[in-house]
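Model the full structure from these sequences, guided by the hints.
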Amino acid sequence: MDQHEQHYISSRARHYREHDPAFAAWAAGYGVISHQDETQVRIFDFATELEQRGMVPSRRTVFDTLAAADRLVSMAMWLVVHMTYAKHVRLDGTALVESEFKPDPQGHVGGSLNMVPAYCGYLACNALTGVTRGWLMGQGHCVAAIDACNVLVGNMTSEHAARYGVDERGLTRLVQDFYAYAVTTDGHPASALGSHVNAHTAGGISEGGYLGFAELQYVHMPLPGERLVAFLSDGAFEEQRGSDWAPRWWRAEDSGMVVPIMIANGRRIEQRSTMAQQGGTHWFARHLKLNGFDPVIIDGTDPAAFVWAIWEMEERLTACADALRAGHGHYPVPLHYAIAEAPKGFGFPGAGSNRAHNLPLAGNPSQDANARAEFNAGAAALHVPAKNWPEILRCFDNHVAQRRLRERDHALVRQHVAPLHATTPAWFERDTVGSAMAALDGIFCDLVKANPSHRVRVGNPDELASNRMTNTLWQCRHRVYSPEPGLPEAIDGQIITALNEEAVACAALANKGGLNLVVSYEAFAVKMLGAMRQELLFARHQKHVGRTPAWLSIPFLLTSHTWENGKNEQSHQDPTLCEALLGEMSDTAIVRFPADANTAMACLVDCYQRRAELHALVVAKSELQVLFSAEQAMQLIDEGALLVKGPSQAGIQLIAVGALQLQECLKAARRLEAVGVEAAVIYLLEPGRFRGGRDAREAAYQSASLGPLFSAPVSARVIVSHTRPEPLLGVLRPLDTGSSTRCLGYLNQGGTLNSAGLLFANRCTWLHVLMAVASCLNRDTNEWLQPDEHAILSGDGDILSLVMAGPCP
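Numbering-wise, this note's numbering puts 216 at position 216 of the sequence shown, and it's gapless, one number per residue.
Everything labelled a hint here was simulated from the structure, so no lab data went into it.
It is possible that part of the hints are untrue.
What the hints assert, rightly or not - Straight line, CA to CA, 25 Å or less: simulated DSS-like cross-link-like pairs of lysine-lysine:
| # | residue 1 | residue 2 |
| --- | --- | --- |
| 1 | Lys527 | Lys567 |
| 2 | Lys621 | Lys567 |
| 3 | Lys527 | Lys621 |
| 4 | Lys387 | Lys449 |
| 5 | Lys621 | Lys449 |
| 6 | Lys667 | Lys645 |
| 7 | Lys387 | Lys87 |
| 8 | Lys449 | Lys567 |
Right, dumping it as structure tokens:
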């Protein structure tokens, strides 16, 4: 803003103050809260607009509510600093003594203090406009701000409401529970408070522990008619790229209102953020404009600035949507974006310093008299007399009168998502040949057609066509601004395509009211792990406290997988993601290895019938023999494993985990059968069903018992896995018989090879299966192998021809 504009704004603000006592009373500020002239003018216009529309009885209602918001900010900031430093709360504001401070203070105080005006502005905007918006906070470590505000206004989950209240006893319990570290006998935190947004946080929908994922998700979250305020981090701007693409994805036809607000406090943990070093918020505003945003800079220390920003951005986006519907606009529309400038830790000693990120005081008040004095002085500046609290809080408790939800129950909490209308898979006949990915392509398209009320998001970081998803590609189409004729592109496309695995995964993870699918090369999908893990953890914590989320489980198809990608060097040969997910809790992270087209379709159907789980399906795109009937495929889903060949009580078991691994086990079994040795071939679809449960919930998900497949004694049990042997054998510890068990799998060997060569390089061919059986039995393989086959194992002969052909009888 130039000097002349500033003079004009200042003149208008002064004029309003001189002629409107209620406005002047608010404009005077309260405690550490002051109101810039620009904010004053914006608020006067906002109040006039609400009055003109009949949304408030008069402008005074707006000014009185905003004055209450100033005081709520002071109350909440006062409570936030007590949560970190104090063991007791004194509502009369008297100074705390040495014994009333925590010996080990913890908390991200600076960011939490900056979030208080933001969240209070959100609450005030809801109260003034009669609309309960959803909220999302990317900087989940600032949860103290949310919890403090929620307790004060009575917006709590049942666990918080049972322990905390707006009195000295209830607030003292709150500060004592914060970073209490207490643990229950079953290993869960005893405190309902967490260091980040958790399942007890009223209205919380994401932990916000992985910085940057909120930035990738917010634009995909609200359904039409819903509104979302997303509080974002300037640190996340350099942590995770991809948020710049948000304007590419928003469409008035299938997206709700989104209000992204960056809390620009200029500090990372030890130094200034990249934004601060590059030129601050004005540099960032230029960056946003270049990427299709319409940025506005506001005062991040003032709750009224947030009220105005939320209202203004929604109004602008609504105008854009109306113009598009009337045929007067075109995509992209500028996505409106607020940059809230504030010194880190505003309102308390240490603001703006490096230490403001965590503990802003220079010392520990429980041990340092100077720090103690500094705390008491800072808290005194924030203190609001308790006698004034009821009148202040009454301004935010108008939900019944306005017939609106409390903020803890906002729409994006997703208490209900309609089940899908099921479709019948086009099952394959046994012993025919087909691609499992092509089969999934067909059934997914059928589900999309049968469920038009479910918004679809397909996360695609690469090439759907090369992964046999051609029908999905043409039916759902890439979402673009200007479709190119003859290509599978559309303005309203449902496929989110970007060369960034995190960004496309987050598009599906965010669409919790709809139908989702993610397709990726297995090797590169490991980049999605952080986003997936955040969802897994939050969903499981919600289940633990009895709030199972309603969203439909999301399948991640990991294809062009390790054993199909021999030709592309070892960068493309990586089973890390499924191994990592096998380490997560098996009742929420479902890892399956479909063996053929029928088992793949059964897995996808089952996934969409379940809630709040992520399903990693390692699927071959190659044409393979169909080995399981429709009935057997569904049995595999129910039981996790199935006998494929031989008697269940055989003393030799060949257990396959993976489609190509099953083929090698069947080849080995045929040779053993030819030489008169009886062996059972078992397919293990879902290894996580057979681990030892690590808590009661996971144990309840496991197969009821090992059953007839694994309970009988064996002399040789050879597991051949898609994964590396060690993590898989750890998961299947209950099946490990010690000296009579061997596990084969990916040994980090590869290069430019075909599938047969890759199997050989990692000692996973039928020849190596026979060697493993012989090792268990202390037998010589000479009685099972022919001379040319022995020569292959010694490095002589035509390795690939023999491996690909399989054993002769």
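Here's how the hints hold up against the structure:
{"no.": "1", "hint": "Lys527 - Lys567", "result": "holds (21 Å)"}
{"no.": "2", "hint": "Lys621 - Lys567", "result": "holds (15 Å)"}
{"no.": "3", "hint": "Lys527 - Lys621", "result": "holds (21 Å)"}
{"no.": "4", "hint": "Lys387 - Lys449", "result": "violated (60 Å)"}
{"no.": "5", "hint": "Lys621 - Lys449", "result": "holds (23 Å)"}
{"no.": "6", "hint": "Lys667 - Lys645", "result": "holds (11 Å)"}
{"no.": "7", "hint": "Lys387 - Lys87", "result": "holds (22 Å)"}
{"no.": "8", "hint": "Lys449 - Lys567", "result": "violated (37 Å)"}
In summary, the structure is inconsistent with hints 4, 8 from the numbered list given earlier, while agreeing with the others.
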